[in-house]
Structure formats: structure tokens, C-alpha cells
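S.K.: The listed protein sequences derive, respectively, from chains U and R.
According to the numbering used here, the first sequence is numbered sequentially starting from 1.
According to the numbering used here, the second sequence is numbered sequentially starting from 1001.
Any given hint could turn out to be false.
Here are the simulated lysine to any residue pairs, SDA-like style, with alpha carbons at most 20 Å apart [as the list claims (entries may be wrong)]:
1. U:Lys215 - R:Glu1640
2. R:Lys1675 - U:Asp255
3. U:Lys43 - R:Pro1664
4. U:Lys215 - R:Pro1659
5. U:Lys163 - R:Arg1502
6. U:Lys137 - R:Val1477
7. U:Lys117 - R:Ser1689
8. U:Lys166 - R:Lys1675
9. U:Lys166 - R:Arg1660
If you are wondering where the hints come from, they were derived from the structure by calculation, not from laboratory data.
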Amino acid sequence: MKFPTSLAPELARIEREPYYQPVGDEVALFESAQRRRLPVLLKGPTGCGKTRFVEYMAWRLQRPLVTVACHDDLTTADLVGRYLIVGNETVWVDGPLAAAVRAGAICYLDEIVEARKDTTVVIHPLADNRRLLAIDKRGELVAAPDDFMLVISYNPGYQSVLKEIKPSTRQRFVALEFDYPEATIEAGIVAQEGSVDAETARRLVKLGELTRNLKGAGLDEGASTRLLVHAAQLIADGVEPATACTAAIARALSDDPEMTGTLDDLVHAVF
Amino acid sequence: MSASTRKLFANELEERLDELLFASTSHRSAKGISEGLEKLAREQQERVLHWVGVAAQSYAEIGYLVAALGPRALARLDAAGFEAWVLAGLEAYDREGGQAAMRLLRDLDAFCAARAQSAARLGDLEARLGRFLQGLSGRPLALAAAATAHTDTETVFLPAQLAALPTARDNRRLYRAMAALLWAQTRHGTFGSAGSDVAAAFARWPERARAQRWFAVLEAIRLEAVLGAELPGLAAEIARLRGPWPARLLPAVARLAHPDAAVSRTLTFLEEIMAGEDEPPQLPHAGAIDLEAALRVRAARIARESETVRRALSTLKGFGGRQGAGEDAPALNVEGGRVALSLDGEIVALPPEAQAAAQSLLQDLGEVPPECLVPAGPGAWQPTPRQGGGEDALTGHRQPHARYDEWDYRRRAYRRGWCHLFEVELPPGDPGYVAKVGLRNTAAIRDIRRRFELLRGEDRLLGRQPEGEEIDLDALVDAAADRRAGAEASGRLYVRRVRRERSLAAMFMVDMSGSTQGWVNDAERESLVMLCEALERLGDAYAIYGFSGWTRTRCDIYPVKRFDERYDATVRGRIAAIEAKDYTRMGVAVRHLTRLLEAQPARHKLLVTLSDGRPDDFGDEYRGHYGIEDTRRALQEAHERGVRSYCVTIDRHGADYLPRLYGPARYTVLDDARKLPLKIADIYRRLAS
Ligand SMILES: Nc1ncnc2c1ncn2[C@@H]1O[C@H](COP(=O)(O)OP(=O)(O)OP(=O)(O)O)[C@@H](O)[C@H]1O
Ligand SMILES: [Mg+2]
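Taking the hints into account, I'd like the entire structure generated from these sequences.
M.R.: Structure, rendered in C-alpha cells:
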């Protein structure tokens, strides 16, 4: 059988080293998994550096990175590929997953639980020792080269019972657990990413810690590193610190007027 | 405008009042009152009616008074003030009874004066302050009203009202400052730390009362500076509220106001002061110190938590027989506020309850005392003595519907068929109850219906359909390719929107134990009404069961709504009939309801418990550890069977054993039962979308 011409999507390689501050032994583990051709699951709360970590590892391993943000209308075709009509011809276009497999890239499926169940199944043969991607529409079976690596992420803090990762999926992956880093490390990240001085960063991290104490007592999650970085960026831009924290942290965490009152109190305790 | 904004006329008001006030209890007619209410705007009328209903649930006379005084109160108070006025009345009722409540409500002048002028009330701020303190430390501290501000290290006592400063705003801030300083006493060593024995120091001074008064003032100086290191905003606010230090405190300030000053420095300085005869100045922001109470509570907590750590260690693999062995001694290391155990060079994480206990010890002592590292030996457990044979006498001759195993953590084994489960019919309750709740919560229910309809309306796109509202480009391209290749092209070229198949079955398990008496029970019932409204919109399969019991031989489960029952008059009557009964043997209830849930065909199964989070049963056995461990086990079993649990706990103080109790289940804590009805639908929405 003759396949129509293919249009391969461009795969970008990361040129500049992304800033990533290692927190534990995640870098070494990831490299091991890559050498052993094992897929990796990153779990951790929102905004704790999972995406940044993958970008960094892609740079470090000199592999192109293909990121797919999963959502509940993501179809298998969106991942694997589809035919298009170009002029008078049908042309096959690889989806991001197929492109990543062919190119030996790192494919990062962000928030895998958001994807439809039938979509997750296409990654199963890729994620075990077969390392195969089936492209049904073309009757093609692509064997992943050694360089290809599958990475998925998952936030276990979700409360919805409808959004849990199936054991048959999760048990194919080496799991790296992420959490908000320890205070001094986190302050370093906030200072670097938000371009603020060490003292401001330290206070922002303190505020983060205070809000995390309220997890389960009115908040689903405390402030993520991302939110702290946002506040820092506003401060670096000249916004008054308490105002910056209220906007970037307190209001971002809750709409409940009682809770925002408490969060304001905490902001004013630190700034 | 629509009919719903039209004012209600006296006769309509009268009708609703009669209903809310249960007409019977009030011998007076609602006529005079409704004439007063007729003059109000509809929104205000609804506000009064809402609170009349709430108040009447405690005591019809209070409801009556709220209705009678409502127009006058609203003329002088804004919405929040009006609410505060009713709640103050209800609190007085809870505390001191009907007469006190009526007195407080009638004295509108005093209430308005206090409110309008400058006083701040603890009742208004309690929830917010409580969360603030929890944010500061992560360890829940209870709040309570008392004549003088002080803490026993587990409860922060504050005056019911503060009017020391000229504006209400500043008085509210003063509350926050006082609470923070008292919290700092528990956090920064006022009652002793690894290096200082405060009790021994005090034993030297015969004038103990004067020593304590000075101690409170000196510690306020020291702690403000200590707070300044991490919480500079708070320290600055405290400084502003207190104003400049009185001149004669300046030597003390020079000595004690350092960010890293420890309590030993205060004690040394106090030594000098006690040589003289001065009384300390009065500082409005510094609370008092009740050393006895604090030391007692603190010692009990330290003992309890050391025990928890020891018990947990004894269960860690390889640790059991190690006492006194010559090998490397195990050590605890503290890194970034987390405690881990290093054993022969290996780092072992502590189980969650031991982690919490160790953290708490760190807060109290600045270290985890080395004694904790001697694990409780296997022989440490003493079985609680049986209560002389009374238990089986209660059994009667009923045959249980089922028997369930129960987990005995001491044996690390199940007691087979230990709990006797009975499904008991609830007698029909007030048929009008649900309608009354609806009346009181019209706006909230409207909102719930709207939001849940949106949730249900979330559609999903199906491709390759024979018909539909949009063309499926993928299918079209395939068809073109097929046609070109000479194959037969499919006609399924459309995208169609279909309603999402949810396939979720939810079970609600409602605590009907004696400890829910009062607000909690009311809140549970009201919440069920709200929930049913929501779930009826959503179309998820759901069931509701109450549970309570009296010893293992009488575990009662009360069906309120079975999966196959409709939300009809019978079910509504049963909701009304939910009442506080006996004890809380939670494990067996979880097991039974898990079994019922398992029989449901839905793909996702959800068990939601509503309780005050205190497993407990008659005769002590189920109280404390045993009940916690069994409940945890039951939730774990459910998890293994694919049932996900979510535990809603109504508890002012958010007990620290909850993470242990709920194990694999997710949970939330509400500090005020009255919020449950308004929050429950939201909670469910988060779980199921
Ligand atoms: N270890 C780290 N090194 C450098 N930056 C970090 C680190 N951790 C967090 N950040 C900062 O936090 C931000 C959020 O991180 P990131 O986007 O990687 O989060 P995430 O875990 O992928 O979150 P989500 O689950 O919401 O996608 C980053 O943009 C970066 O500024
Ligand atoms: Mg991300």
C-alpha cells in the first residue's frame, strides 16, 4: 500500500537553558528513566514546576519537546494524526504524538486525567516494553526509536471522582512526585523568576506557607510557586507588595468573601 | 418587574409567619406584626422572614421577637448588622437561655450603640480569626470568649467584645493582634521550651500573681519583636495599635525586643523586677497569662503526642526489638519543618499521624524529645476492661439484617461478624418541613438549580454521525480519500452534540448520633434538602442513609432515600424525621453503605459522609483510637472496592486526628454548621464535575 505524502509538523528544540532549580533527585531519576526507555509520570499540585522541569530536561538531553495540553474533547486523531485535503490530494498529517515518536522527541501530555478515556488507551502500547504507536487509519505501526520518551503529568489534588487516572495507565510509568519546594529553595526560585530581592522573596514564600496551612480548612490548595512568582513579578514592576499579593495570590485562591478576608489578614501579617 | 420583587401584603406575611412560627407555640396572632412588616421592601421582608425561620428553630419566641422588632432593627442596622443582631440573640439563647436572648434582642439601643460606635464583637470575627490562626501555625487553635484574654495553649480566649480603641476597625485589628500574640505565646516558648523550665522559675516567687502580670507584659514586648522577624506586617500593626511604650517599660524594651530573644531572657529580667515592688502598666493589647492552665494542657498534649510518635515507631519495620541495641541509635532529623527518622543511615518517613504529632512537639519543645525514640513495646497495650456484661443485654431478640467485621487495631485483625446491622424505618416526620426550608432559602435554591442545570448541560461532541448540526471535517476528508481510492465512502459525515453520560452514583451517609443534637442536626437536614434539589437537576443516581447506634449489637441504619426511590413526599417526610439519636459507630455504617453502593451499575461511585467527625460508641471501646482506626480501615476497604469517599466534617476546632481518621478519603472541615446548607451543593459540584 502506498501512503500519500506526509506533512510533518515542525519540532522545536529548546535552544536556551530554561531556569530550573532541582529540588531533589528528580534530574538523575529522569535521566535514568530515559536511558532505560521508561515512561515517566510527574505528579504534584498545580504550579510546582512540572512543566518547567520537562522543558529543562528536554534541553539537557537535547531532545525536541512536544507538549500536548489534554482536555476532554481531545480525540485520538488529535494525538495521532489525520488526513487533510490539500489541493486535490489527501495528505496525511501526523498528530503531535506521532510526530514526537518519529522524531525521537520527548512527548509531554499535560494533565492526562482531562483526556477522554478512549484517548488514553492509545498511549498504552507506547508506554510498555512494546514501545509502539498504532496509526489505525493508515494501518501503520510505528516503533519508537530509543530517544523517544513519553512523559505525562497528573495533579492528585483533584477532588472529582470522575478524574482519576486508571491503574492500568499509571502502572506503566515511573512516578516522580513533585511538591512545593522547601522554603529557602522556593525563595531562590521566586527571587530568580520574579526578579525581586531576597527579603521580598522570603516574605512571599512565608505567605505561601501560611496559605498552605489553610488547605482543607476552606482552601482546596494553598498558593503555588507560580502564584508567588506572579506576585513577585508585579512587585518588581512597581506594584505595592500588599496590593500585588492581594491580586496575584489572595483573589486567585478564593472567591469566598470570608476566605478572602482571612487571606487579606495573612497578606497584611507578612507585608 | 416580575412578581417576585413585589412587596408582600399583610395577609401573605401573616400566612408565612404562621408557618414559620409553627402558629401553635405563639399564642399571639401574627397580625400586628405583619402590619409592621408590610411597610418594608420585599428584600427586607424576605430577610426578616429568613431570620424568623432560623430563630424559630431554636425557640419560637425568639422568632416572634425577631419578627416584631424586625422593622425597627432594619431601620437602624444594615444587612450585616441585622444578621449580627439575630445571631447575638441566638448565641445568648445557646449560652444562657431564652430570657437572656429576649433581653438582648429587646435592647436594640444597646446593640446598635455598641455596633455603630466602636466595639468589635468576637462573635462576628471568630471564624475569620480562627482561620487566621490556623494559617499562622497549621495547628488548629480553638477560640472562645472569656473575661480576660489568655490561652491554655489549645484554646485562645478573648473578650466577647472589645471597645478599647476609638474605631470599630481598629478594635477588629486589636482582636487580631491579641490573638496573634497569644498564638505566639504557644509558638515561641512562653510556657517553656527545651532549654527553659518556666514552672521552676515561677516556683521561686512568692508573689505569683504579680509575677504573672509582669510576665504577660514582658512577653508581649518580646513576642512582638519575635513576630517581626517572620511577620513584619503583623508586628508593625501591633506597634501601631498599642502606641508608644510607656516610659517605664523602656528598659524592658531595650532588653527584650530582639527578634531572637528566648523566654529565658524574659525570665532573667523578671527576676530583677520581682526584687522591686512595682505593678506593671496596663496594656490593652497584651493578654493575661494563666500559667497553671497552660502548663497543664501543654503537658497533657506533650504526653499524648509523644505516645503517638512512640506507638507509630513501634509499627515501623525493623524498629521493634531495637531498644538499647548497640548499633547506630535511630535519630530523628528535622528538615524544612518535616520530621523523618534515620535508621542505620536510611531515612524513613513517619506515618501521617506521627508526623503531625512530631510537628506539634516541635512547636511545643523546639525538638522531638529523645524518649520518643523508645518505641512502645508490643506489651504496652492494655485492653480496656469490658463493662460487666451489660452489652448483650441490650440486644433484644431482633435478628440483624447483616453482620459486619470490625477492625481491631490492637490485634491488627478483624473481629468477625462483630457488628449487627439493622435497617430501621424512620417514622414519617413533619410533611411541611421541606417546604419550610425551601421558603427560607428561596434564593439559594434558585441558584443551586441554575448552576446544576449548567453542569448537566455540558455537552459532548460525537463525530461521524449520520446527522448532526455540524460537518465533521475528519470524516469528510476520509470520505474524499476513500472515494478517490475507489472505495465506498461513508455517509456518516456529521458532528452531533449529545448530553454527557455521567454514570455516577452517590451515597450520602448522615450522622444521627447524639452529638449532632441542635445546630448540626438542623444543618444536616437542611443540607439534604439543598442536595436533593441539586441532584434532582443533575440526574445522578443517589441515596441517603442516616446512621446511629448503641454498641456493636445495635448498629442502626436509617434509609432516607434508597437508590430506587424518588424524591417524593415520603422521602421528604423522612428528611424531616432525621434526629439526633445515640452513638457513632462509623465503620460499620461505611461498610454497609459501601456494599449498597457497590450494587449500583454506575461506573463511578461516591460516598459522602456528613458528620461531626467523632467516632464514638457507648462503653468507651469505640471511643478514641479504636474507632478512628476502624473507620479509617472501613474507608480504605471502600477505596479498594472502587468507592471514593469524601468526608464533610462539621467541627469548630478541626480536630488534628482527621487526617488519620479519613485516611485515603478526601475531606473538608466546616467551622460552622450553619454554613453547611449553603456549601453542600458546591462541595458536591466539585466532587462530581
Ligand atoms: N523548581 C523550579 N525551578 C524553576 N522555576 C520553578 C520551579 N518550580 C516552580 N517554578 C516556577 O513556577 C512556575 C510554574 O511552574 P510550572 O508551570 O512548571 O508548574 P506545573 O507544575 O506544570 O503546574 P500545572 O500543573 O498547573 O501545569 C514556573 O513558571 C516557574 O516560574
Ligand atoms: Mg504544567
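S.K.: Against each hint, give a clear statement of whether it holds in the structure.
M.R.: Cross-check of the supplied hints:
1. Simply put, Lys215 of chain U and Glu1640 of chain R have alpha-carbon atoms about 25 Å apart, too far for the 20 Å limit, and the pair is violated.
2. Taking the CA atoms of Lys1675 of chain R and Asp255 of chain U, the gap is near 16 Å; set against the 20 Å cutoff, the hint holds.
3. Proximity of Lys43 of chain U to Pro1664 of chain R is assessed by CA-CA distance (about 17 Å); at most 20 Å being required, the pair is judged to hold.
4. For the suggested pair Lys215 of chain U and Pro1659 of chain R, the alpha carbons sit about 12 Å apart, so the restraint of at most 20 Å is met.
5. With a CA separation close to 12 Å, the supplied pair Lys163 of chain U and Arg1502 of chain R stays within the 20 Å bound.
6. For the given pair, Lys137 of chain U sits about 12 Å from Val1477 of chain R by alpha-carbon distance, which is consistent with the 20 Å threshold.
7. As the CA atoms of Lys117 of chain U and Ser1689 of chain R are separated by approximately 15 Å, the hinted pair is consistent with the 20 Å bound.
8. For the given pair, Lys166 of chain U sits about 35 Å from Lys1675 of chain R by alpha-carbon distance, which is inconsistent with the 20 Å threshold.
9. Taken as a hint, the Lys166 of chain U and Arg1660 of chain R pair is broken in the structure, with Cα atoms around 25 Å apart against an allowance of 20 Å.
In this structure, the earlier hints numbered 1, 8 and 9 are contradicted, and the remaining ones agree with it.
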